[in-house]
Each structure stands twice: as C-alpha cells, then as structure tokens.
Amino acid sequence: MNERLLRLALPVLVLVIAIVLWGAVVRIEAIPPYVLPSPGLVASTLVSDGPLLMHSLWVTLVTTLEGFALAAIGGIGLAVLFSQSRAVEYSLYPYAVILQVTPVVAVAPLLLIYLPQPLAVLACAWIVAFFPVLANTTLGLNSVDHNLLALFELYKASRWQILWRLKLPAALPQMLTGLRIAGGLSLIGAVVAEIAAGSAGAGSGLAYRIAESGYRLNIPRMFAALLLLSIAGVCIYFVLSFLSHLMLRRWHESAIAREH
Amino acid sequence: MSAPAATTATIVSLRHVGKTFDSGTTALAGFDLDVRGGEFVSLLGPSGCGKSTALRIVAGLSAPSAGTVAWPQGAARIAFVFQEPTLMPWATVSANVALPLRLAHADSRTTDNAVAQSLARVGLTDFSGAYPRELSGGMKMRASIARALVTEPDLLLMDEPFAALDEISRFKLNNDLLSLWQSLRRTVVFVTHSVFESVYLSQRILVMSPRPGRVVAEITIPAAYPRDEEFRTSAEYAGYCRQVAQALAAAMAGERAA
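If you read the protein sequences in the order shown, they are chains U and S.
Counting from 1, position 56 in the first sequence corresponds to residue 56 in our numbering; the numbering is continuous, with no gaps.
Counting from 1, position 150 in the second sequence corresponds to residue 150 in our numbering; the numbering is continuous, with no gaps.
Treat the hints with caution; some may be incorrect.
[Said to hold, decoys possible] Listed next, with one range per pair, are the computed distances between beta-carbon atoms:
(1) U:Leu10 with S:Arg102: 23 to 31 Å
(2) U:Leu246 with S:Ala164: 26 to 34 Å
(3) S:Asp166 with U:Ile73: 43 to 51 Å
Honestly, the hints are just simulated from the structure, not real lab data.
Where a beta carbon is used, it is the ideal one built from N, C-alpha and C, also for glycine.
The task is simple: from the sequences and hints, build the whole structure.
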C-alpha cells in the first residue's frame, strides 16, 4: 500500500515542482508569452479555447480509434492468415516490414495527394499501428507449446479448432502487447498525417490546431493542444493496459502480482 | 507366479521399426514391441535411447522411417500423458479435462458427466474451477491424467509423466496410477528412466539400449497386485530392482563396447 502511494505521489510531486519552476522562470525572467507562456496562461487558454480544442480533440480521437480498430483487425487477421499458410506469410511479410520501416512522415504527403484528407489521415494511423499487432500476434501464434499441439493432433482437432481453441488463446498475451503499442502509435500516425495535411491548409484535428497556432504565434494554444494530446495518449495507454490486465489476470504470469 | 492373467491378445505390434530424424540422428533401429490388452508394460532406458520416440510412433504423432505398426484388433482409442502436464494455462482444470471431448463435439451433458467422473478418479473434484498455475506439480499431473482418461481410452501412453515430481508426490501418484489401472483395466505403456519406478508399476519391463534405440532385454515382474508400500520395501522388490538394474547396466556396457 505504501509503495503504491509512493508510485502515485512521486510523479505528482515532480509535476508540481516542474510547474512551479516553469512559472517562476517565466515571471522572473519576464519571458513574453509568445516565447514561453506561463502555466497559468496555458490553463486559461485551455478554458477559453475549450470548445474549439475539444472539437479538434474529438476529430483526432475518432481518427485514432478508427486507425486502431483497423490496425487490430488487419494485424490480427493477417497474422492468422500467415499462421495458416507459409506461402502467404513469405509473400507478404517483407512488405509489411517495408511499410513499417518507411517513415510515415515521408509517406503522409503522398497519401494526401491520392486520398481525400480524412482517409489519408486514417491510412497513416493504420500504417504505423498495424505492424506491432501483426508482429506480436505472429510471434504468439508461432510460440504454441509443441506438446499441446501434439495433443490436439492426437485428438484429431480440425485446423479451425487448433486456431480457435489453441493458437489464439496462446497468442493472447503477445496480441495484447501489440495492441497496447498500437494504441499509442495510431495517435502518433494521426497526428503526423494531420500536421502534414495542416501545412497543405486543411483539417481540424488537434495536430492541425498546433500547426495553425504555430503559424499565428499563438504559443499558449499550442501548449494547450499539446497538453490535450498527451493526456489522450496516456488515457489510451491506460485503457488498453487495463483491458489487457482484465483478460489475463486469471492465468498469465505477467498479470499476477508476485507474493513475497 | 501370481501376476493377474492379462488378456493375451496383442493390440499393437511394432516390427523392425526404425526412426531417423532429418538431422541424421538414428533414434530407433530394429525396434520390436508387442502390447497386449490390459497389461502394464514399461520401456526403461537411459535418456536418448529412443523410448519417447517409440511412444510417439505408437501414438501416431511421429511416422516411422522403417518397419510397420500394426493394430490387429483395429484402431485403439489412444491417450497420451506427456512429461510436462501440458495443460492450457488459460483454461480451468475442468475445461482442460473436457478438451478431448469438446474436440470430438461431444454434447455438453456427456462431457460434464465424463469430466466430473474423471476428476473424481484422480481426486481433483474440488479443483475443477482452478487454473493450472494455482495447482502444485503433482496436481497438474493429476489433471493431465484425468484429461487422458476422460475419453475412456483403450491404450494409455505415458512419457515419463512423474520424472519432474518430488519423490513424495511420485510415490503417491505411482500408487494412484496402479489402483486406477486395476479398477479401469486399461492397457498402459509407461516410459521411464527409473529402475525403481518401472519395477514397482509394471508386469513387464523392456530394457532399451541407446544409439540406435532397441530392446535388449525383457523382464517379467510377476509380483501380485495390488502393490503397495509393503511391496516397495520388500526383499522381493529389491531383488527385481537388482535384476533390472543389471540388465540396464549390461545394455549401457554393450553400448560402450560398440
């Protein structure tokens, strides 16, 4: 209990110290708000620009969740397909890797030419997020206990039974790890694409607000938008971690507290 | 000679079976085995003598590279107990035990009854809702045996199932396995590297020699069942152990000379 309290209290303490220092530096050095706004100004901007920023946050979140959902479906689906057919795996896996290692910042402008903007943003979110799901799920599907596989064969299990009753549950921990990474990455993908689109002059997501505020030297709003983005990222991470914990808590060692 | 009269009909017969792996290792060569209905037979040998390979070939999990496997009375229902409990960690004990029936699409009433009966046989009724990680090593192995028995198999193949257990659990499971065998009258092929375990359990012991794996001696243990702790500490038991140990030593010496 003490340790849990400490794990919560210490980061909060660091945050408070950082904000106080930040405020003090701005006041003492008399830094103008278009260079570095004080924490108070960021907070009041957050309130005054609230409706605008909230709308943008909503746009970005929807893209992120759509990208995440498509990444989950695509990544798990492709991994299952790979586990069923070596030929398909050998044919497609290299391209999945290429898609992953090509920086999405570089791909985004091209996608914006070929696709309508919302679709291009979604595609970027998908491209970055799907690979960790694919890679982790593939690893999980391939690490099934060989004796359990032999047991299923002994009882003449069908391909479908082996997949549904053995491989998918066995891959669940790795699959959930992939999804947790994908949650954060789909936000990054959405932001990158929005910024690329923003410089082309369209869009209304949170990242677009940051780019737009930058051109207008509205630094407090940039900070406010950035704050919302990181809060969104943290929330996505915690929600996915919690779901993962719920699904694994009864049986997987990673989700069970060690007893001392 | 007071061994129970085993049904003499052979249920599976291996002739001149050889197995060479892709790596070039020859695990078995000229391996012969006849298993008769209702008997308890052990394959005894040092690690690497191909006894697990022989068991996997009987189970159909591995194909022989030479020789034949014949089932004179038609295909038998086979169950396999691995050295590790090999339970699905995400499923409860009862779901694990139910697996063979679920895979065969048995209806849920039949499955539930068979699972309950099988768990009762191994003394795990109170743990049906537990997950494998909550069980001790011995209890996990009991769950594994319950899963093997749930299909009412004709032939139970056991691959060093108790090798990883502590001595106390192993003795207990030896006793329970024997009483199950006596009440259910299944045929058991038991692989072990323990002289003491093989003598305690078996009617017949096939001593194997490694590289390539083959049967070099067959020893009958005619002691009466039920065998219990009294038998385990008897001079008779010690005598059989000495005899089997000598046969095993001769098998190993033969290998060194070769």
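Each hint, compared with the structure:
A beta carbon spacing of about 49 Å between Leu10 (chain U) and Arg102 (chain S) contradicts the range 23 to 31 Å that was offered as a hint. One distance hint, 26 to 34 Å for the beta-carbon pair Leu246 (chain U) and Ala164 (chain S), holds here, with the actual separation near 32 Å. Hint check: Asp166 (chain S) to Ile73 (chain U), Cβ distance near 48 Å, so the stated range 43 to 51 Å holds.
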